[in-house]
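S.K.: Each chain is listed here by its residues.
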Amino acid sequence: MSNRRFARTAGWLALACLVAAGLLAWYATRQPASPFAQEQAASVDPSQVSRGEYVARLSDCVACHSLAGKAPFAGGLEMATPLGTIHATNITPDHDTGIGAYSLADFDRAVRHGVAPGGRRLYPAMPYPSYAKLSDDDIRALYTFFMHGVQPAKQPNIPSDIPWPLNLRWPIALWNGVFAPTATYAAKPSQDALWNRGAYIVQGPGHCGSCHTPRGLAFNEKALDESGAPFLAGALLDGWYAPSLRQDHNTGLARWSEPQIVQFLKTGRNLHAVVYGSMAEAFNNSTQFMQDEDLAAIARYLKSLPGDPRRDGTPWQYVNADTHQDIPGAHTYATRCASCHGLDGKGQPEWMPPLAGATSALAKENASAINITLNGSQRIITAGVPDAYRMPAFREQLSDEEIAQVLSYVRSTWGNHGDAVDAKAVGKLRGHTDPASSSPIILQMR
Amino acid sequence: MTTRYELPNLSLDAPVNLSRRHFLVSTAVGALVIGFGLPLGSARVQAATAAERGTQVPAFLEIRPDGSVRLLSPFMEGGQGTHTAMAQIVGEELDADPATFIVEAAPPGEAYVVMENGMRITGGSMSVRMSYPTMRRLGALARAMLLQAGAEQLGVPVAELTTQPGRVVHAASGRSLGYGELAARALDMPVPDPASITLRDPSQFRWIGKPVKRLDAYDKSTGKAQYSIDLKVDGMLHAAVQHAPRLGMTVGSLRNQAQVEAMKGVHSVHTLPGAVAVVAERWWHAKRAVEAIQVDWQEPTADSKVRAMPADFSSDGFRDFLAAQQGPARDDENEGDVAAALAGAKTKVEATYHNQYLNHAQLEPPSALARFNPDGSLEIWLPNQAPDMFRADIARRAGLDPTQVTLHSPLLGGFFGRHFLYDSASPYPQAIVLAKAVGRPVKLIWSREEEFLRDVLRPVAVVKFRAALDDKGLPIAIEAVSATEGPTEAIAGKQGEKLDPTALEGLSGKAYAIPNKRIAQIYVKGPAMLGYWRSVGNSLNDFFYEAFLDELADKGGHDPFELRLHLLRDNPRLTTLLQAVGEQSGGWKRGPYTAEDGTRRARGVAMASPFGSHAAVIAEVSIDKGQVKVHQIWEAIDPGSIVNPAIIEAQVNGAVALGLSQTLLEEAVYVDGKPRARNYDLYPILPPSRMAQVHVRIVESGEKMGGIGEPPLPAVAPAVANAVAQLTGQRIRSLPLSRYTFS
Amino acid sequence: MELRINQKAYQVDADADTPLLWVIRDDLGLTGTKYGCGLAQCGACSVLVDGNVVRSCVTPVAGVVGREITTIEAIEADDVGKRVVAAWVEHQVAQCGYCQSGQVMAATALLKHNPAPSDAQIEAAMVNLCRCGTYNAIRTAVHDLAKQESA
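So the sequence lines, in the order shown, correspond to chains D, R and L.
Take the first sequence: its position 42, counting from 1, is numbered 42 in the UniProt record's numbering, and each next residue is one higher.
Take the second sequence: its position 696, counting from 1, is numbered 696 in the UniProt record's numbering, and each next residue is one higher.
Take the third sequence: its position 132, counting from 1, is numbered 132 in the UniProt record's numbering, and each next residue is one higher.
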């Protein structure tokens with residue numbers, strides 16, 4: 001960049017800053033508009049409560065706002081952010097510590113715009129950029145559920161430990177201005193109702209992009225709908241690689257049929273994979289409760305998102321492998337992994353997933369492979385029944401080097417072509433993660 | 001049903017009317033046999049009871065027509081080889097080849113209280129050493145009865161008869177009769193006066209002291225051996241439980257009882273103290289259903305009868321708490337004047353040591369099978385190390401008289417102290433309730449996860465050492481103050497009037513000639529429920545003491561092996577033992593040195609004198625990719641005298657394995673009041689790849705017989721720790737070594 | 001479904017995801033195969049499926065329909081298995097014995113595939129846990145069997 005251009009740019013920036021400063025006080029604390037601003041509380045319709053409960057399932061509110069063994073929605077989940085630790089808040093209708101004093105409009109501003117009463121901005125750990133797409137009807141139902149279907153619980157919120165000045169909330173308003181849309185989902189007339197329903201759930205309440213869409217420098221999701229190529233293209237978050245949900249052969253859903261997607265979201269497993277990591281929570285708390293037609297809609301929509309062969313690489317094909325190679329990774333695989341995943345890597349579908357062709361063995365990001373090996377899987381609870389089989393944790397049995405060796409073997413065998421895993425990467429994740437609980441954890445909503 | 005444990009349920013005071021020639025059907029041999037095994041309640045047995053211990057021959061022995069001998073052992077077989085040892089001991093005097101024996105666990109009852117300390121337990125490495133003369137005499141009494149029967153049958157004076165293995169022989173006439181042929185007649189013989197019996201001269205032993213083959217080797221190599229978990233009775237249902245996440249919590253409401261009751265195979269859902277249970281047609285159904293129960297667990301109440309586990313308990317935090325304890329301490333040993341010696345010493349050494357909680361992790365998950373009979377009596381099968389104590393407890397729980405309880409004690413799939421009477425850690429109280437509730441026999445198995453949740457733990461201790469060296473660098477005073485709780489104290493829930501010997505053994509009782517010593521305990525009642533773990537207090541305390549002794553050697557400029565020899569200079573037995581292990585290892589060399597394969601190695605030595613025996617260990621270690629690799633363990637052990645050297649070698653191997661396991665990697669970690677590990681994935685036990693080569697030397701000093709199951713264990717950890725310290729220059733003051741970083 | 005176990009056909013009524021272990025133990029009463037962990041960690045439940053050693057606690061029964069299953073009860077019907085058992089007795093391997101069914105199955109599978117395995121191959125294959133510390137006896141027994149074969 002030439003000096004002149006730099007000066008010009010700087011000038012514009014200075015002007016922008018002045019304007020921004022002038023507008024900031026207003027902007028950063030203003031109450032966004034809500035269609036419900038004039039709405040009076042109506043009498044409670046029980047069907048609205050159960051509809052709202054379903055929207056809460058679609059939106060997976062419980063995942064963050066409930067802790068196992070504690071009152072539903074009383075908050076408390078600790079979330080590590082780059083700035084510090086924040087805790088999910090009490091969203092029970094308790095008047096003092098929860099959201100009991102919220103009007104429908106207050107509720108709407110919080111859920112769809114990330115603005116609490118008084119104008120305080122929520123951290124975007126709350127996925128309001130996605131929830132913004134929720135329809136007015138769903139917001140109204142959700143509000144009814146939280147006000148009338150959830151027991152009030154007196155549980156003061158835990159303040160975050162983010163230090164000043166990073167804990168100032170007003171910059172979030174600017175962030176919102178750039179990254180958080182405010183429009184509800186608008187159906188695409190070019191697509192049918194099923195597709196549109198799927199798009200609505202995926203982009204809106206399902207907030208799939210929170211994990212599956214890569215984020216930019218400002219920690220923003222790079223795309224919020226199918227108009228952007230990065231949308232649901234796979235991302236690294238919290239020590240897990242959430243794979244692509246696009247038509248990518250290796251790292252996405254190209255090899256999955258629509259019924260297989262439905263089965264995966266409904267039962268936690270199919271011929272290709274079993275839920276694990278963060279997805280196990282999403283399954284336990286949310287996707288399995290979705291109605292069949294909604295799951296079909298999701299599948300239809302996801303199958304419409306094109307893949308990108310340049311990003312995805314050479315399409316995987318199964319290759320027979322010498323299962324008795326005399327290398328440490330192969331030995332470890334044979335003794336530690338093959339009982340479930342098979343010497344041939346094909347697993348025991350639909351209970352033990354194949355590792356041949358698994359996204360964790362094909363993706364550039366190896367975090368999921370390392371994480372699940374170190375920490376095992378949490379229990380998958382389908383229709384209230386904990387799984388018959390779970391992945392053990394190997395962190396106490398295998399060294400960083402041994403894990404790197406066995407994963408390098410897995411990622412280079414049976415046609416898999418993920419990169420080799422470095423022991424340092426294992427050590428890093430080992431330090432940041434904890435083993436999954438072997439106890440079934442069920443988050444109650446009522 | 002038929003099991004191999006079919007002994008009539010009879011007690012000392014219940015008169016019975018059974019044919020003496022009653023039929024026993026045993027699946028163990030699959031044959032119908034006639035025996036002269038008399039039920040325990042018979043008049044003859046009662047008469048004998050009044051006499052001496054272990055003289056009621058018919059209560060123990062049944063000789064079958066084919067000459068095979070069925071022996072009811074007072075001790076449980078759990079891998080330690082006691083059934084084979086009993087066959088050797090009895091067979092030696094009975095003059096019957098141990099290979100012809102079928103040995104099973106005897107039921108509860110006074111007749112089987114054969115230990116010289118008046119107890120009957122399988123533990124403390126006591127079985128053989130505490131019953132050896134009694135069981136020999138038992139065999140000799142039986143032989144005398146067979147001789148008497150032979151004399152009658154052959155019509156010759158008994159003095160003219162001798163025996164060969166399994167036969168009564170009349171040399172003069174060349175006639176002989178097999179024991180099996182004489183069994184029926186021998187039945188009518190009175191048990192001779194024990195005083196009239198002469199025991200075999202040990203120089204004539206054919207089987208005692210020899211590497212006789214284990215009786216159970218074949219059955220255990222072919223899946224035929226049956227453990228509690230394998231048993232089945234007609235009409236039996238299966239049960240599984242889900243325990244409260246923390247001991248002491250109680251069951252609130254079940255959120256989904258109806259859903260669980262509707263699950264496939266489910267018979268019924270039950271609420272138990274601190275647990276919920278599902279009874280089902282198959283265990284797998286029971287297990288999946290019980291895991292599905294959503295219980296609102298309630299915090300423990302103040303009147304909780306079990307040791308309530310606090311929600312904020314962590315094992316690391318508790319260790320720090322122990323380390324902060326200042327007393328008061330109670331002395332177990334106090335000789336000389338430690339304070340004065342320390343005050344006047346030129347060189348003082350201080351160090352703080354600690355160990356870790358451990359699980360038993362025996363391979364067979366606990367189970368219990370309970371059946372109420374139509375007459376209201378209770379029949380129960382369970383793994384146990386103390387049948388009389390268990391029967392009394394079972395009777396109390398079931399509201400029955402002990403005579404109404406038949407307790408069967410199958411083979412133990414490992415025990416290591418797991419199967420003593422631990423109130424909160426056994427499935428049988430639950431099995432009794434469930435069998436009563438459903439009116440059918442119930443077999444309850446704890447899943448591995450439930451076992452790790454409720455197992456009692458090997459205690460932890462933080463020990464503060466102080467020692468004084470004289471101007472030659474030799475220790476003249478040692479003080480060890482241990483903040484801990486012994487397992488006996490934990491089970492009692494309080495400290496007794498006397499110190500719990502299992503808390504300090506291994507710190508106390510050391511033979512080194514250090515003139516001033518003080519060994520004391522600060523009793524700290526902990527939140528975790530404790531139990532006995534193979535070699536009990538010695539499993540931790542010998543590590544502390546022997547590792548600290550190496551610190552003293554280094555500080556004083558002495559070789560640790562030479563220092564030990566010096567401190568044992570007036571103890572010929574231990575001097576011999578230490579020299580034996582040195583010699584066995586090719587001569588003591590501490591290292592570090594470079595081995596043939598290019599690895600840098602060092603050796604450590606340690607000794608221990610637990611359970612009446614003495615052991616000396618040398619370990620050879622290297623560091624491989626940051627982990628300690630133990631190449632060799634040389635272990636010399638002096639149990640006084642022995643019964644089976646092959647089994648001793650196996651027991652030493654087993655003790656070394658457990659010793660290495662606790663040294664290298666085992667640790668029960670608690671966070672938020674819960675065990676982090678609920679299975680072997682997060683509680684690794686020694687895998688084959690980390691086993692050392694083990695070289696055993698048995699030193700028979702001829703002193704009083706000592707134990708074998710536990711004594712080889714305690715010196716392993718300090719020998720390894722001392723070797724690692726020598727190799728790395730890093731003092732090892734805690735276990736396991738997986739907590740250390742080595743380069 | 002129909003299972004072939006030890007050369008016999010069994011009709012089994014079990015859910016598809018039931019572990020083979022519990023079908024063998026509870027439905028068929030073959031209790032020589034042991035439950036130790038249910039998590040493929042210890043190997044006490046090892047059986048042979050088409051000659052390969054498999055941990056039956058993590059083997060959904062539906063996956064082994066139509067395949068040949070061998071449990072410890074029939075191990076001596078196999079020539080290699082018979083030799084393994086003999087070596088186990090000869091070397092007095094067992095202590096408590098609970099893990100030994102699985103150990104014998106693992107050794108049999110190894111030797112069926114590789115009659116004269118190297119030390120490294122033995123170490124790589126014999127990984128079942130034993131709490132009694134029979135590892136050295138197991139190693140000796142398997143080495144002995146391997147040596148017999150290569151001699």
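Among the hints, a few may not be true.
[What the hints assert, rightly or not] In silico lysine to any residue, SDA-like type, Cα no more than 25 Å apart, as pairs:
#1 R:213 with L:89
#2 D:364 with D:155
#3 R:472 with R:336
#4 D:70 with R:245
Read the hints as simulated data drawn from the structure, not as lab findings.
S.K.: If you check each hint against the structure, which ones fail?
M.R.: Per hint list: single violation, 2.
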